[in-house]
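Trainee: Protein chains in written order, with the numbering used here: chain A, 686 to 1371; chain B, 686 to 1371.
Please note: incorrect hints may appear among the correct ones.
Claimed, not checked - As a list, the in silico SDA-like pairs of lysine to any residue whose alpha-carbon atoms are at most 25 Å apart:
| hint | chain 1 | residue 1 | chain 2 | residue 2 |
| --- | --- | --- | --- | --- |
| 1 | B | Lys-1334 | A | Glu-1281 |
| 2 | B | Lys-938 | A | Gly-1075 |
| 3 | B | Lys-1207 | A | Ser-719 |
| 4 | A | Lys-1257 | A | Tyr-1191 |
| 5 | A | Lys-1008 | B | Ser-1206 |
| 6 | B | Lys-1034 | B | Asp-1054 |
| 7 | A | Lys-1207 | A | Asn-1033 |
| 8 | B | Lys-938 | A | Ser-1046 |
| 9 | B | Lys-1334 | B | Glu-1350 |
| 10 | A | Lys-1334 | B | Lys-1207 |
| 11 | B | Lys-1354 | A | Lys-1207 |
| 12 | A | Lys-1368 | B | Glu-1313 |
| 13 | B | Lys-1230 | B | Asn-1265 |
| 14 | A | Lys-718 | B | Gly-1075 |
| 15 | A | Lys-1334 | A | Glu-1276 |
| 16 | B | Lys-1175 | A | Ile-1336 |
| 17 | A | Lys-1011 | B | Ser-1206 |
| 18 | A | Lys-1287 | B | Asn-1332 |
| 19 | B | Lys-1036 | B | Ser-1046 |
| 20 | B | Lys-1207 | A | Gly-1075 |
| 21 | A | Lys-718 | B | Gly-1316 |
| 22 | A | Lys-940 | B | Ser-1206 |
| 23 | B | Lys-1196 | A | Asn-1342 |
| 24 | B | Lys-1207 | A | Ala-918 |
| 25 | A | Lys-938 | B | Phe-1090 |
| 26 | A | Lys-1084 | B | Pro-881 |
| 27 | A | Lys-1354 | B | Asn-1013 |
| 28 | B | Lys-940 | A | Gly-1075 |
| 29 | A | Lys-1230 | B | Val-1299 |
| 30 | B | Lys-940 | B | Glu-705 |
| 31 | B | Lys-1368 | B | Lys-1175 |
| 32 | B | Lys-1084 | A | Glu-939 |
| 33 | B | Lys-1354 | A | Arg-1007 |
| 34 | B | Lys-869 | A | Phe-1090 |
| 35 | B | Lys-718 | A | Asp-1209 |
| 36 | B | Lys-1084 | A | Ile-872 |
| 37 | A | Lys-1008 | A | Glu-949 |
| 38 | B | Lys-691 | B | Arg-824 |
Source of the hints: derived by calculation from the structure; they are not laboratory data.
Protein chains: 2
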Amino acid sequence: MKDILKPIISIEKLQTLSNEAKASILAMTTLAKSGHPGGSMSSLDLLLALYHCINIDPKEPFKHDRDRVVISHGHISPAVYSVLAMRGYFDLYDAITQFRLAGSPFEGHVEPLVPGVEWTTGNLGQGLSAACGFALECRLKSISNHIYCIMGDGEQQKGQISEARRFAVKYGLNNLTAIVDYNKIQICGNVTEIMPQNIKANYESDGWGVIQINGHDYREIFEALNKAQNIDAPVLILAKTIMGKGVSFMENKEKYHGMALTDEELMFAFKDLNYIIESENEKDINKTSPTMPDIMVGKEKKTHTLTEPEYRDNGIMHREKRKSIKENKLFATYNLNPEQYIFDFQVNKEKYYEKSTDNRSAWGDALADIARKNKDTKRNIAVFDCDLMGSVKTSEFNKILPENFFQAGIAEHHTAVCAGAISKYGIQTFFAGFGMFGLTEVYNQHRLNDINFTNLKVVLTHVGLDVGEDGKTHHCVDYIGLVNNMFGFKLIIPADPNQTYKAINYVVNQKGNWLIAMGRSKLDIIRNDNDEVFFGKDYLFEYGKVDVLKDGNAGTLYVTGTLVNTAIKVVKRLSLEGLNLRLVNIPSPLEIDTEEILRAYKTGMIFTLEDHNVKTGLGDLIAQKIVEAIGTQSSKKDTENINPKRNFKLIKFGVENYAFSGSAEDVYKTMGLDEESLIARIKKEF
Amino acid sequence: MKDILKPIISIEKLQTLSNEAKASILAMTTLAKSGHPGGSMSSLDLLLALYHCINIDPKEPFKHDRDRVVISHGHISPAVYSVLAMRGYFDLYDAITQFRLAGSPFEGHVEPLVPGVEWTTGNLGQGLSAACGFALECRLKSISNHIYCIMGDGEQQKGQISEARRFAVKYGLNNLTAIVDYNKIQICGNVTEIMPQNIKANYESDGWGVIQINGHDYREIFEALNKAQNIDAPVLILAKTIMGKGVSFMENKEKYHGMALTDEELMFAFKDLNYIIESENEKDINKTSPTMPDIMVGKEKKTHTLTEPEYRDNGIMHREKRKSIKENKLFATYNLNPEQYIFDFQVNKEKYYEKSTDNRSAWGDALADIARKNKDTKRNIAVFDCDLMGSVKTSEFNKILPENFFQAGIAEHHTAVCAGAISKYGIQTFFAGFGMFGLTEVYNQHRLNDINFTNLKVVLTHVGLDVGEDGKTHHCVDYIGLVNNMFGFKLIIPADPNQTYKAINYVVNQKGNWLIAMGRSKLDIIRNDNDEVFFGKDYLFEYGKVDVLKDGNAGTLYVTGTLVNTAIKVVKRLSLEGLNLRLVNIPSPLEIDTEEILRAYKTGMIFTLEDHNVKTGLGDLIAQKIVEAIGTQSSKKDTENINPKRNFKLIKFGVENYAFSGSAEDVYKTMGLDEESLIARIKKEF
């Protein structure tokens, strides 16, 4: 057996550090009057041992070949901050005084604003998926390292973990070791009462190796960590621990899962941890000697006068310090400068289509062309599929770069997080799926990706009623609304195969999180008045730019996505009848220019058309912009300029209820979104 | 062993029906040019056997003590419709001619508009949770029956199923039998390649009994169904089957997972199924005899002239019939009149609070009072918790009605569906959680509940930045936006503990799906100008009604939720400075009266204030209403009436980015939502 991991300090020293760390955990939670001391103390020895033997360098937190640790139960942040500080990542005093202080990096749940933290968690059950993503990232980059994921036992109840387990086995992620802090206590009581679970059997049933240890015995921990590296499978270390370990009255008490100690309790805890109180009041404490059970049942007798405790050693700090940091906004900041990366994929700039096809084929083409053009020089791309590659058009990519393609099966929750994590440090990552599965089912996972500043490109090939026969469960008509609920994601809805191809060329070189949404059906190629391809050879996609497809003065019709084809026909036919609408395609609905909207507003009539919930999509965003535009202008006292030609009206055409299962054509008809219905609905307004 | 289930027809007859059903599966998918024939044929024999031995009555689809079947892999609807028709629920001809026709009940994924279908699915992995819900419903109602859930094998990859498994074991749901159609083929290939999984070991690791059978052998199926009823655990019948079973060229071919046969292939399939083609063209087919492999690789030689097939027996129908149904909108409709129920819980009408408390305590009180008042007479209530009952205040209910309280552990995805299903037939069900876990994580599950017309009341006790120290992962600031993305859910955001108590009294007697959202902090009791409690003894909550908390003419401030307390202080202080704003609380933001908005619009200045994403919450809804109100009026040519006193402006105050972890007070300050900041921001506009 290879004995790969060797602790950098002695076990005796670790034992000393353990008590100091516990004291700091308790100090920071008491000072913040909130936090999770119980689990922090049960996980502590595992963290101490781990961070003292793996390949990390506190002086270079982002060094290329570092081992990675994902903290899945992010609420044990006090333990993580304490251990990272002891390893030299930052000053422990900062963490103690700034824990859960608005503006500081030491948040309630671990944050990558803190050096040494790799991934923000807080929603339970997602850490193992992130660890899988990091393991794949390092494999793609040929980094020889190891990935650790430490989790709580309560969160083993989350289904997503089983998805991650199977993925890890399928992809042979033997560079992955999971650790469960098995303290058997969750918020509402004992895990065996709240939700009985055989964690060992669950992991083994999915093909994992399982090692059971005492999570407070450093020798056992090191032995297990080494053994895990020699097993030909991902390994779980199931570590029996004690909630509140080290403080007698806290041990095995669920109330300390999420409750900070009072000042008085803290003094007793320090004594338990062999922290001698040196304050003047020490005598009083010794004199009164309240028994532990009294404290445990909340019957502390206030017979001594401890009002403002003085903590010693690493615990020496003051409420005043915290107050001063807060008032003067003197929060710690760290130079988080990860491995630099830029995306500079070669793309096929001039390619375009003359003939009708579906947007998803254009996306598949663009992706395959990128793979071909960058095959020899690049390995910083990844594509994820959930058993839909034929429909979502990633099969060709898989043929060209099979090592960069990951088939995760029907396991979208895991996949969304895994794809997010692999993208974080410069792997351009595409997760393609139907709208319902790639976004609606996993909205929360993408929200967490957004918080983690990932570089994920979510490509939805089946959105809207255009999905047709699969029916209401599959009609994703909330993608604009969902993305608009997040703060970082950007959104592109291409109008035809050409704009799709060009948009993919654009996003492949963008950082950050993007959603690209398209319908299922074949679409006509959009052409200008001279019958030339609109998004042709020289067109470059530009985020936020609108496309004026036809001029007119009777009003403006804004449209996005699959229904652009329909809108063109509608506007042409109305034009023959003498009603000249201006037709504008909005491929970036979250980024609409105020001037454009003001221009349309002045015509007095705006229509919006979308294959999306009419309450939360394009029409909604345009309405917001109208109100905003009026407001912006009104402060200028320039009233004539903004008053519309007629009393202003906005008419929104979109999806008004769960729809039927049927051909897209028929379903559009039932919702009044077909050519004939739209012409009638528009004419009614004139 | 009890031999409880006896087939009502002979095995020989079942074998005949099997071929007829397969022919109808193929006919309806070919006619619709879409659908999932492969899995329908592998599941068929299981369905045929099941529906011919369980306690159901096609003449009385909703009979009280019926056994229930949940079809989790909803895409095998052609098989389900065929078997239900053969059992007499409706005319098979309707299903064949109307399958996937927009407007008909025979949707692509099973729909409860079809008699005999209990639950809509389509999103995979959710059926077992629904089955758990039905099992609990029947237990609460003391119905002695059995619940079945038939699933695909690919969907076993979904994590939610593991949550459902553990829940079923914890609650001893021995009246639940699951069946997996183990055809080993999913869309992209063999399940062992797409995502290797040991289904048997997975179920056993969670404490289930597993019986392995041949899913095409009726004797084995009946034996297993009976054996399952005698095992002291929930049981999985793992049934090995053949994708496309019965048609040689379809068997074990993944391409037939989701692809209909061509007309020509259909003829060959009929021959395989011993369906003799009686059309005039039969001779041609026999003459040319293309070999099966030719068809399989898509090389059918078009040497004969079959253009419009004539199907025989149950397959006799025409494209013309389908066309005529579509054109004349002659879709089948069924009298779906389930067991009638009304909610008539006794409530404590006059109770109110004089002293500050948090809304969640008022919710907990209201729920406990309802439990007390209805303890002896009612058992039609259920409350679900995911390991948060202390925080979300359902502990007291648990003490009063422990049998109606379900502790599901940290497993929100399962819980959301299970709680939805138990509510469907008249159990008033509350699922209480933090906003992030009760809604944001499980948005899609609630969307499916909405489609299933459930009676779920989702109570979020921790929404907004008010959640404070737990940080951005826990700040649920998208609940209005998420609910607005659905079409059925209604939303209440009470302003103080009194309105909370009254709102719970109101919703407990409402059908349908409702979201009730509240912050974490203690709130002052709202009082009127005479210092009387605003939502006092005589107040009754009325959905859609706004609460005018103060009159004023300088503009209107609309506010909802936790920040009502702040708004009152802000408006009072501005009033002392001579700026008189009208202050209006909006407890039902999805249902705002147009007249109210028009009135505010005319003052020229509207502010909105919310502890929610400013892009998708109250401000968004008010802006929509403003645009709508202007439009409504503009058609009246009555322009003077609607022009505002000054150039109109809407200013939205809300959450503009992911926020820090800190005390709610501090976090509000960082977002400009505290008293001082708001006063400054408002004054700037005058």
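Trainee: Hey, Lys-938(B) versus Gly-1075(A), does the alpha-carbon distance stay inside 25 Å?
Mentor: holds (15 Å)
Trainee: Is it true that the CA of Lys-1011(A) sits at most 25 Å from the CA of Ser-1206(B)?
Mentor: With a Cα-Cα distance of about 21 Å, the restraint between Lys-1011(A) and Ser-1206(B) holds, given a limit of 25 Å.
Trainee: Would the hint linking Lys-1034(B) and Asp-1054(B) be met if the CA-CA limit is 25 Å?
Mentor: holds (10 Å)
Trainee: Sort out whether Gly-1075(B) lies within 25 Å of Lys-718(A), counting only the CA atoms.
Mentor: The given pair, whose Cα atoms are some 18 Å apart, holds under the 25 Å limit.
Trainee: If you draw a straight line from the CA of Lys-1008(A) to the CA of Ser-1206(B), is it 25 Å or shorter?
Mentor: holds (22 Å)
Trainee: Are the Cα atoms of Lys-938(A) and Phe-1090(B) separated by 25 Å or less?
Mentor: Satisfied, since the Cα-Cα distance of roughly 23 Å is no more than 25 Å.
Trainee: For the pair supplied as a hint, Lys-1084(A) and Pro-881(B), confirm whether the alpha-carbon distance does not exceed 25 Å.
Mentor: Between Lys-1084(A) and Pro-881(B) the Cα gap is close to 21 Å, so the pair holds against 25 Å.
Trainee: Hey, Lys-1196(B) versus Asn-1342(A), does the alpha-carbon distance stay inside 25 Å?
Mentor: holds (19 Å)
Trainee: Need the status of pair Lys-718(B), Asp-1209(A): alpha-carbon distance at most 25 Å?
Mentor: holds (22 Å)
Trainee: Against the 25 Å threshold, does the CA-CA distance of Lys-1257(A) and Tyr-1191(A) hold or violate the hint?
Mentor: violated (31 Å)
Trainee: Check whether the Cα positions of Lys-1334(A) and Glu-1276(A) lie no farther apart than 25 Å.
Mentor: Judged against 25 Å, a Cα distance of about 22 Å means the pair holds.
Trainee: Mind checking the alpha carbons of Lys-1008(A) and Glu-949(A) for me, to see if they're no more than 25 Å apart?
Mentor: holds (21 Å)
In the structure shown, a violation is registered for the earlier hints numbered 4, 9, 10, 11, 20, 21, 24 and 31, in ascending order.
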